[in-house]
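Which chain is which? The protein sequence lines are A and B, in order.
For the first sequence, this note's numbering begins at 1 and goes up steadily by one.
For the second sequence, this note's numbering begins at 1 and goes up steadily by one.
These are calculated hints, taken from the structure and not from any lab test.
Note that the coordinates shown come from a computational prediction; the quantities given were computed from them, not determined experimentally.
Short, incomplete list of chain B residues facing chain A, as computed with Cβ under 10 Å:
#1 G38
#2 Y99
#3 V120
#4 G127
#5 S138
Chain B regions said to be covered by chain A (calculated; three or more residues, Cβ under 8 Å):
#6 26–35
#7 73–87
#8 105–114
Every residue gets a Cβ at the ideal spot worked out from N, C-alpha and C, and that includes glycine.
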Amino acid sequence: MKWLALIIVLLFGALLLYAEEDLPRYGDPEAPANLHVSPYYIEKSLEETDTPNIVTAVLADYRGYDTFGETTVIFTAGVVCILLLMKEKPDDN
Amino acid sequence: MITRYRNIIVDLVCRVISPFILLFGLYVVIFGHYSPGGGFQGGTIIAAGVILLRLSLGKQQTSKKFPPKLAPILGAIGLLIYGGTGLAALLSGGMYLDYAHLPIPGISVAEKRYLGILFVEIGVALGVFGVLVSIFDSLTGERQ
Chain A
1 MKWLALIIVL LFGALLLYAE EDLPRYGDPE APANLHVSPY YIEKSLEETD
51 TPNIVTAVLA DYRGYDTFGE TTVIFTAGVV CILLLMKEKP DDN
Chain B
1 MITRYRNIIV DLVCRVISPF ILLFGLYVVI FGHYSPGGGF QGGTIIAAGV
51 ILLRLSLGKQ QTSKKFPPKL APILGAIGLL IYGGTGLAAL LSGGMYLDYA
101 HLPIPGISVA EKRYLGILFV EIGVALGVFG VLVSIFDSLT GERQ
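Take the sequences, apply the hints, and build the full model.
Spelled out as structure tokens, the structure:
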């Protein structure tokens, strides 16, 4: 059983290495990830949002829903911590 | 102090340093438009300042300065500021979180989006600050 698991892991690693050939090079300007919306953000974010920091403009403006979700997740985590760790009052029946 | 004996060096250094930590946190929040930073990072730094005071001076003293009950309320207010900014844009004719439609008269669209980002960052900072402080308080057994 142990050998079977090892063989499966090795085969999967070989598959990943084989697929890695087709990935774009790191930092390639022609990669699909760099051709979709990134040029628009880089060219237009200062003009549209008056914000020199592109990261802030993308985080809070273009991707506002995502950040709202993140903040909600953090707040939910805090509320759950309070609910789980809160000490009850000693005279509380 | 959490250790058994009060240590005057630790006390003094924490007292001197913590206002600067709080100020730097505010700087990181406000200057998120121009430099690395923003709501998450700044809120964490401000929370670190309060938690440093809690650790060094003890709970009795710092609970008067910043009551533990206030932290979750501030977190909720931060989330409401974020949602309210989006809702204000929605109610004045745009899409949700579309800051170009914020009801602020007299400024251009780019400046409206600038201000929208600022409101949202402040909301995120308040949320993260309140949540981190309230997690610390509940971990150290502060009664809510």
